[in-house]
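**Student:** One-letter residues, chain by chain:
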Amino acid sequence: MYRGREGQWAFVLHRLTGVALALYLLLHVIDISLVMYGPEGPFNAFLTFYHQWPFRIGLIMVIAGVVYHAFNGLRIIVMDFTGWGVRFQRQLWYGVIGATAIVGVPVLIKIVPEIIGGA
Amino acid sequence: MTTAPRTLKQARAIYATNTELAWWVFMRISGMLLVFLVFGHLFFNNIQIDAATIDYAYVAERLSKPWVKIYDTFLLALAMMHGVNGLRYSVEDYVRKPGRRFWTKTILFTVAGIVFVLGTMALWAFSYDEMGAAVRALQ
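Chains A and B are the protein sequences, given in the same order. Under my numbering, the first sequence has 17 at position 36, and the numbering climbs by one with no breaks. Under my numbering, the second sequence has 1013 at position 119, and the numbering climbs by one with no breaks.
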């Protein structure tokens, strides 16, 4: 397998997170749509099922994917619409990783204790 | 200066490019809007509250607010178009055989259309103020 440098990893991660998020989005809309069956419908049973810890860890990965995809998407826009973006794409990608961590760590600090406490 | 395409090959070269250019622009504009819409959505439902407390009453309460319906409509439409177009890019990159590619995309667009209609119905076709109030009265 060809292993490129930062630019290729940026692309691979963008595509993986993008495909995963799009598939999650389809499932998410379908399960929230169960709200249409009303309070006596299957909605609460479904959500209780999804509140188990493996799915909550999955949700953390969805959030991490969103944050990376968002910041790397902004990097792509900068590369497309400025004269200097492509020249600094590698530095920008380290910025993306840094920004993902800056947003992600507080989210982990907020959510991980909820999972441990609620399990 | 452009001239009308004279062959199928020319038409494909011209029109496919224009449609792809429109999608290319759309991915960037919707992407910028989605950064704010999705971060807001995650903040409301994962940070302001514990996501494991979400139940029917919470969702009914949220969906009884007009601004949530409008916010979620934009979120649903932009995210679905951005996500499904991204999946289409992946299908076109990795599904090589024309027949298989056609059917993969047909199934993708069909499923996406059904899910979009479901989501829009969930947002607009029901009065959750009554149901939310009924649930709160029961609790």
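Keep in mind the hints are simulated off the structure, nothing from the lab. Cβ coordinates follow ideal geometry from the N, Cα and C atoms, glycine included. A hint or two may mislead.
What the hints assert, rightly or not - Pairwise CB distance ranges, derived in the manner of DEER restraints:
#, chain 1, residue 1, chain 2, residue 2, range
1, B, 912, A, 86, 23 to 33 Å
2, A, 27, B, 937, 15 to 25 Å
3, A, 26, B, 1011, 36 to 46 Å
4, B, 993, A, 87, 41 to 51 Å
5, B, 961, A, 91, 19 to 29 Å
6, A, 68, B, 961, 38 to 48 Å
7, A, -15, B, 1021, 51 to 61 Å
8, B, 933, A, 27, 49 to 59 Å
9, B, 915, A, -13, 23 to 33 Å
10, A, -16, B, 959, 27 to 37 Å
11, A, 72, B, 917, 22 to 32 Å
12, A, 35, B, 916, 36 to 46 Å
13, A, 36, B, 916, 17 to 27 Å
14, A, 23, B, 916, 33 to 43 Å
Unchecked claim - The following residues of chain A were derived to be distant from chain B, with all beta-carbon distances above 10 Å:
#, residue
15, 64
16, 74
17, 82
**Student:** For every hint, state whether the structure bears it out.
**Tutor:** We went through each hint and held it up to the structure:
Between residue 912 of chain B and residue 86 of chain A the Cβ separation comes to about 44 Å, which falls outside the hinted range of 23 to 33 Å. The given range of 15 to 25 Å is respected by residue 27 of chain A and residue 937 of chain B, whose C-beta atoms sit roughly 23 Å from each other. For residue 26 of chain A and residue 1011 of chain B, the hinted distance range of 36 to 46 Å is not satisfied, since their beta carbons lie about 24 Å from each other. Against the hinted window of 41 to 51 Å, the Cβ-Cβ separation of residue 993 of chain B and residue 87 of chain A comes to about 49 Å, which satisfies the hint.
Distance hint check: the CB atoms of residue 961 of chain B and residue 91 of chain A are about 24 Å apart, consistent with the given range 19 to 29 Å. Checking the proposed 38 to 48 Å range against residue 68 of chain A and residue 961 of chain B shows it holds: the Cβ atoms sit about 42 Å from each other. Separated by about 54 Å at the C-beta atoms, residue -15 of chain A and residue 1021 of chain B satisfy the suggested range of 51 to 61 Å. Taking 49 to 59 Å as the suggested C-beta distance range, the pair residue 933 of chain B and residue 27 of chain A does not conform, at roughly 25 Å.
For residue 915 of chain B paired with residue -13 of chain A, a C-beta distance near 28 Å keeps the hint of 23 to 33 Å intact. At about 49 Å, the beta-carbon gap between residue -16 of chain A and residue 959 of chain B misses the expected band of 27 to 37 Å. Restraint check, residue 72 of chain A to residue 917 of chain B: a C-beta distance of roughly 29 Å satisfies the suggested window 22 to 32 Å. Residue 35 of chain A and residue 916 of chain B have their C-beta atoms about 41 Å apart, which keeps the hinted 36 to 46 Å range intact.
Distance hint for residue 36 of chain A and residue 916 of chain B: a CB-CB separation of about 37 Å, inconsistent with the stated range 17 to 27 Å. In this structure, residue 23 of chain A and residue 916 of chain B meet the distance hint of 33 to 43 Å, their C-beta atoms being roughly 40 Å apart. Residue-level check passed: residue 64 of chain A sits 17 Å from the nearest beta carbon of chain B, beyond 10 Å. With a closest Cβ-Cβ approach of about 17 Å to chain B, residue 74 of chain A is found to remain outside the 10 Å limit, as its non-interface label requires.
Residue-level check passed: residue 82 of chain A sits 16 Å from the nearest beta carbon of chain B, beyond 10 Å.
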